[in-house]
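We have chain A; now place chain B onto it with these hints.
First to last, the sequence lines map onto chains A and B. Okay, so the first sequence: first residue is 1 according to the numbering used here, each after it adds one. Okay, so the second sequence: first residue is 1 according to the numbering used here, each after it adds one.
There is no bait here: all hints are sound.
Intra- or inter-copy, both count: the list cannot distinguish identical chains.
In silico DSSO-like links for lysine-lysine, alpha-carbon gap of 30 Å or less: (1) 98 with 451; (2) 35 with 451; (3) 347 with 39; (4) 347 with 407.
Honestly, the hints are just simulated from the structure, not real lab data.
2 protein chains.
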Amino acid sequence: MRATHARTGLVDRSCDVAVVGAGTAGLAAERAARKAGAKTLLIDDAFAGTTCANVGCMPSKLLIAAANAAFDARRVPIFGIQTQISVDDRAVMARIRKERDGFVSATLKSIENLPAEVCIRQRAHFVGETRLALGDGSAVTAKAIVIATGSRPSIPTPFAGLGDILLTNETIFELPALPRSIAVIGAGPLGLELAQALARLGVDIKVFDEGERLAALHDAEVAKELRSVLGREFPMHLSVKVETEKQGGQARLSWSGDSSGEATFERVLVAAGRPPALHALDVKATGLRTNEHGVPKFDPATLQCGDAPIFLAGDVDGQRAVLHEAYAEGTIAGRNAALFPNVEKAKRSVSLAIMFTDPPLATIGVSPSDVMVVGSSSYVDQGRARVEGRNAGLIRIYADRDGGVIKGACLFGPGMDHIAHLFAWAIERRETAAALLQLPFYHPTFEEGLKTALREMCEAAGSAELKNMDSEAAPGA
Amino acid sequence: MRATHARTGLVDRSCDVAVVGAGTAGLAAERAARKAGAKTLLIDDAFAGTTCANVGCMPSKLLIAAANAAFDARRVPIFGIQTQISVDDRAVMARIRKERDGFVSATLKSIENLPAEVCIRQRAHFVGETRLALGDGSAVTAKAIVIATGSRPSIPTPFAGLGDILLTNETIFELPALPRSIAVIGAGPLGLELAQALARLGVDIKVFDEGERLAALHDAEVAKELRSVLGREFPMHLSVKVETEKQGGQARLSWSGDSSGEATFERVLVAAGRPPALHALDVKATGLRTNEHGVPKFDPATLQCGDAPIFLAGDVDGQRAVLHEAYAEGTIAGRNAALFPNVEKAKRSVSLAIMFTDPPLATIGVSPSDVMVVGSSSYVDQGRARVEGRNAGLIRIYADRDGGVIKGACLFGPGMDHIAHLFAWAIERRETAAALLQLPFYHPTFEEGLKTALREMCEAAGSAELKNMDSEAAPGA
Chain A
1 MRATHARTGL VDRSCDVAVV GAGTAGLAAE RAARKAGAKT LLIDDAFAGT TCANVGCMPS
61 KLLIAAANAA FDARRVPIFG IQTQISVDDR AVMARIRKER DGFVSATLKS IENLPAEVCI
121 RQRAHFVGET RLALGDGSAV TAKAIVIATG SRPSIPTPFA GLGDILLTNE TIFELPALPR
181 SIAVIGAGPL GLELAQALAR LGVDIKVFDE GERLAALHDA EVAKELRSVL GREFPMHLSV
241 KVETEKQGGQ ARLSWSGDSS GEATFERVLV AAGRPPALHA LDVKATGLRT NEHGVPKFDP
301 ATLQCGDAPI FLAGDVDGQR AVLHEAYAEG TIAGRNAALF PNVEKAKRSV SLAIMFTDPP
361 LATIGVSPSD VMVVGSSSYV DQGRARVEGR NAGLIRIYAD RDGGVIKGAC LFGPGMDHIA
421 HLFAWAIERR ETAAALLQLP FYHPTFEEGL KTALREMCEA AGSAELKNMD SEAAPGA
Chain B
1 MRATHARTGL VDRSCDVAVV GAGTAGLAAE RAARKAGAKT LLIDDAFAGT TCANVGCMPS
61 KLLIAAANAA FDARRVPIFG IQTQISVDDR AVMARIRKER DGFVSATLKS IENLPAEVCI
121 RQRAHFVGET RLALGDGSAV TAKAIVIATG SRPSIPTPFA GLGDILLTNE TIFELPALPR
181 SIAVIGAGPL GLELAQALAR LGVDIKVFDE GERLAALHDA EVAKELRSVL GREFPMHLSV
241 KVETEKQGGQ ARLSWSGDSS GEATFERVLV AAGRPPALHA LDVKATGLRT NEHGVPKFDP
301 ATLQCGDAPI FLAGDVDGQR AVLHEAYAEG TIAGRNAALF PNVEKAKRSV SLAIMFTDPP
361 LATIGVSPSD VMVVGSSSYV DQGRARVEGR NAGLIRIYAD RDGGVIKGAC LFGPGMDHIA
421 HLFAWAIERR ETAAALLQLP FYHPTFEEGL KTALREMCEA AGSAELKNMD SEAAPGA
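With the rest of the complex left out, here is chain A:
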């Protein structure tokens, strides 16, 4: 299986399945391919851990945990408690890195535990459909290849020249202390999570976005509530064009469009999306057809690119860049690479995305459309939310007009990170609003707020199923 380069002593290798990229998707793909009986190689230039553990989910949630702790401690006077708090930003950042490093080292340990000779620490690029050239000059030939190279932050042109004033999700968690002011470029989920957290820790935050869409939301009513609630904590300038220049070690930003102004910031955090990291891979050499972003066209059910022995997995495919999908895709792609050409279609889960702002925002399944029945419920006066002093938010649920099967939900309110799972499961099981209303809702919980929306859907659909069961709120609840 090896060929030695006469001049350099380098060894070419061959295998059944080569996986490029050792993040969540790549590790899952290698594991699944090996489990399916394939001889595998896992190629990565760093083996430094995963986007999730290093610069994604985990450090951002650690930052958010500290920020919410500070925010909650400040608001205890509503309960009759007096408080004084001060944020030791160096200690906050140190705890984030310490805990983050714990998660990273667990990943690194799982890499260490891989079978010997599976891991190749090299850059790789395609030189043919089934052949990769490595950085050291050797080559890998595989019966099938899984591309799992992940994503990298996009840095729009005006910000590329900011040098060390510029931050992304890949550098911000390394800050020893927090700056006094940060401009956040991008009002997507990542930008809003970090913006709210940093604002709660005392950083002067302004958010800017070229587009008008907040958190990538398709539901205009929820977006309006989201903007109103988050807007109490930091300003958001949407539909603006931003110019920037360095000025005395800081960034001077000027913006125009729906609003205009200028301000100076110690730092600029660019959260303008994480496009697929395909540049170094030379996908052209495979002859695959690609979309306008240079991503090979692929079947989401098999993750195969056309009829080729090439598969995509994880953030690199430009869809559903969340951990549980990267893991699922790695598992599907790795197994199908091993089975190639007898690939199997996998059932993909309903889409589920959660933004861990406070309150959190969850989007599940389809976007709203005119042909659907919609039920909504406000959390501004919801019982348990009032009790907790967290009464804000709006949820909207969408169902087929014909049959009333729930197809999607957009949930912004307290506890919606949890309630998102109820809906993901309900959509997978083709539940209707009338059927869900027969299930138990405990009192007093945030979950009870769903019933208002579900009842509205039943009324809108003219559901006969409700009869005398739970057609109104419980008395004295």
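The following block gives chain B in isolation, referenced to the frame of chain A:
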């Protein structure tokens, strides 16, 4: 429909359905009976609102919200934040009553909106199967009667003589300020919720229980973890006999059994159960068969007592004393009272009980038994729980060995008040562990911790369904 007493001018009334007790169950029963076409009367001596709103769910959750706010504010140093807090107990209690009164007034408004002549403000007791004597000397005759008189706190003998040192859930929320020390009698859900909350607000708390069972738990392993976690905040003396005497305006308690000692407390909070409030009703006059607690025997599917035109609803039946069940029972009983003798069997939901300690405890469905497959998962090192500094707890899930259908769960850990709904719904839908593992779990969430337990169940059951899907943890998650 009326007969006038010649001597007193009092009017006897008759109706289709008379409901005794205007709490959650009684109000629901009257509404359901009326909706089913019955002429109704609703009899209550106070019309003061519901147990839930006045002295139950709502004020206890308001107390807990304040307590957790204080506790969370004190623990922010783990995140790198400095804090100083002081509890203004008069302000805490004032907020509880103010918000509580808001919930109560919503109930009172719904009572005001009832049709004229439905409400009778009188005590009532049975003088026959279908006849009630009222406190004013008049009578009500009904084709069917719903008993919805609720429950009252039990005061065990040694504490009955404590006078105003004694507190129950019906008086504690009226305290203008918090005492320095409270002995809590009863380690059930109500006692533990209040004990933890009061301890977090600075009250010196000790809990005592004659029995050895904590929180009415049947799962010994979860009970052990619960005792260990709550025991960090206040001592619990289980399996002890307690004696008490007044001493200088305080209560001197001595206890012996599994532990022994004595101590003085400013107040004693008795949370030793809330038995059915049947005493004043003279159920004997109906001729119904009763159980050892004096509760008429009834069918949980119809809520009918034997073949009689008498129905039970809510806490008075001594089962599932939680609001959503009181509401469901009121609806079933009221409708069946209207339909009598053609009563219909209703589908009852899986049992669901949540104790809102921190972390919360939820019990759903059946208790564990030797014939079941059990999966468990610790939250001591769970990812998101670590991030939030809430890493404590244990969950256990039970399924039929044959087929793997999930039948029950005992969940103690962060977010389990929410996750309880996932399990209640899953049990209603006869899900298996293998099927649940195919559903989406977002990262990083408390919900992910379930997967460990579900995988354990699949292994124990030798599930073939898992194949290559999600048989291990996601790499780098």
